[in-house]
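*Asks:* These are the residues of each chain, in order.
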Amino acid sequence: MKYLAEFQNPELARGLLDDIRAAVTRPWALMEVCGGQTHTIIRQGIDQLLPDGVELIHGPGCPVCVTPLEVIDKALAIAARPGVIFCSFGDMLRVPGTDRDLFRVRSEGGDVRVVYSPLDALRIATENPDREVVFFGIGFETTAPPNAMAVHQARKRGIRNFSMLVSHVRVPPAIDAVMGSPDCRVQGFLAAGHVCSVMGTSEYPELAARHRVPIVVTGFEPLDILEGIRRVVRQLERGEHTVDNAYPRAVRPEGNPAARAMLADVFEVTDRAWRGIGTIPLSGWRLSPRYREHDAEHRFDVVDIATREPAACRSGEVLQGLLKPNQCEAFGTDCTPRSPLGATMVSSEGACAAYYLYRRLGTPTTPLEASSVV
Amino acid sequence: MCLAVPGRVVEIAERDGARMAVVDFSGVVKDVCLEYLPDLKVGEYAIVHVGFALQRLDEESARKTLALFEELGLLQEEFGDPWEVER
Ligand code: SF4
Chain A
1 MKYLAEFQNP
11 ELARGLLDDI
21 RAAVTRPWAL
31 MEVCGGQTHT
41 IIRQGIDQLL
51 PDGVELIHGP
61 GCPVCVTPLE
71 VIDKALAIAA
81 RPGVIFCSFG
91 DMLRVPGTDR
101 DLFRVRSEGG
111 DVRVVYSPLD
121 ALRIATENPD
131 REVVFFGIGF
141 ETTAPPNAMA
151 VHQARKRGIR
161 NFSMLVSHVR
171 VPPAIDAVMG
181 SPDCRVQGFL
191 AAGHVCSVMG
201 TSEYPELAAR
211 HRVPIVVTGF
221 EPLDILEGIR
231 RVVRQLERGE
241 HTVDNAYPRA
251 VRPEGNPAAR
261 AMLADVFEVT
271 DRAWRGIGTI
281 PLSGWRLSPR
291 YREHDAEHRF
301 DVVDIATREP
311 AACRSGEVLQ
321 GLLKPNQCEA
331 FGTDCTPRSP
341 LGATMVSSEG
351 ACAAYYLYRR
361 LGTPTTPLEA
371 SSVV
Chain B
375 MCLAVPGRVV
385 EIAERDGARM
395 AVVDFSGVVK
405 DVCLEYLPDL
415 KVGEYAIVHV
425 GFALQRLDEE
435 SARKTLALFE
445 ELGLLQEEFG
455 DPWEVER
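These protein sequence lines map, in sequence, to chains A and B.
Here the first sequence stands for residues 1 to 374, where the numbers follow this note's numbering.
Here the second sequence stands for residues 375 to 461, where the numbers follow this note's numbering.
No lab work stands behind these hints: they were computed from the structure.
There could be a bad hint or two in this list.
[Unchecked claim] DSBU-like mimics (lysine-lysine), calculated; alpha carbons at most 35 Å apart, straight line:
| no. | chain 1 | residue 1 | chain 2 | residue 2 |
| --- | --- | --- | --- | --- |
| 1 | B | Lys-438 | B | Lys-404 |
| 2 | B | Lys-415 | B | Lys-438 |
| 3 | B | Lys-415 | B | Lys-404 |
| 4 | B | Lys-438 | A | Lys-156 |
| 5 | B | Lys-438 | A | Lys-324 |
| 6 | A | Lys-156 | B | Lys-404 |
Using the sequences plus the hints, can you model the full thing?
*Replies:* Written out as structure tokens, the structure is:
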């Protein structure tokens, strides 16, 4: 159990919690979309500090978790080729493919390198003109513009030995899919702040109106999350369903126009399979035909790959908010961060990893009154 | 990888046809691309994600966020070497 005293500003946190408690007259279920927010919530025990009845459901917002198994297997196949330097963000290394992960490929002699930025991969390509350099381009709308820039630069500078395996995903279609599911219990959304830093808020009013659901753009620090919850609850209690921005210090309505322009140039919207969830229409990006030369799927023949998910893993339900991680049979026994069955246990933003890391080992505890734990 | 960390611009230079900056994240210094925030100036703060400045941030909120990240060990997670972390 965490304590209010652990908040950076406990007084402000207490004030927000008091406001939420005063506003709530009946139970509400809210979904935080972003995996970074899930981590803050579990680490700070925000779910346990909320008044009875206000439930947080963890959303699918972890790019590492939702990258389809087929794409992971393609990455593994490309990384294992002689002559290839395979570059990736560090948190993809342990994501299990059908029968191995990138760590294994590296220990078997593959040249797998961890980069901090896609531009590092581009630099590696210029330094190794006789090798094929492939970058694993995954992530939501926050990561897509940097990756788009790397491809754009490769074309502009004529760096022909650089290609990207692209599996980018978009948040609004995922919100639409969550709301469209017959089992959906979500009544309000905390939208992912940094996604909106890039994309702005223009995609949300239509979603909020059509599903009659409040959407509040929320940051990922503890107080940001409490403020987001406060605003969603206030709307719900009043019967409203609008888009509100609780993270104005980083989110402008128009987002980042230069980044959006680059996205439109380099990528095109496509249907995308989400690991554990299935295909969501128009929920991803792939390279547009103009950049085909830099598309790793075209450069390497990796079309027919047979994939197999471990039967015990219930990450699909976890990602859709239908199951809490500690309700999975394998949680903490057959499945741990050291030997994960599913991607949600591997990624530092994954819900299963958050529960494991912060010791939510048993069945979910009933929310406690904040006053009783401070 | 999903973390976006505020940092302060220390130096700006054109490199390989792109506007680049040296950015200080509480002592960790990284090269950052400014193509998406071309009018960012030395001394200003921005939210940086995978080596790209994505949105301006005022100094006070940037400092608060950085202090929090440092305390929680998230800076190490973001900038540390994953081969090392694994061992
Ligand atoms: S605990 Fe492991 S097996 Fe269970 S859903 Fe999470 S990742 Fe899958």
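*Asks:* Any of the earlier hints contradicted here, and which numbers?
*Replies:* 4
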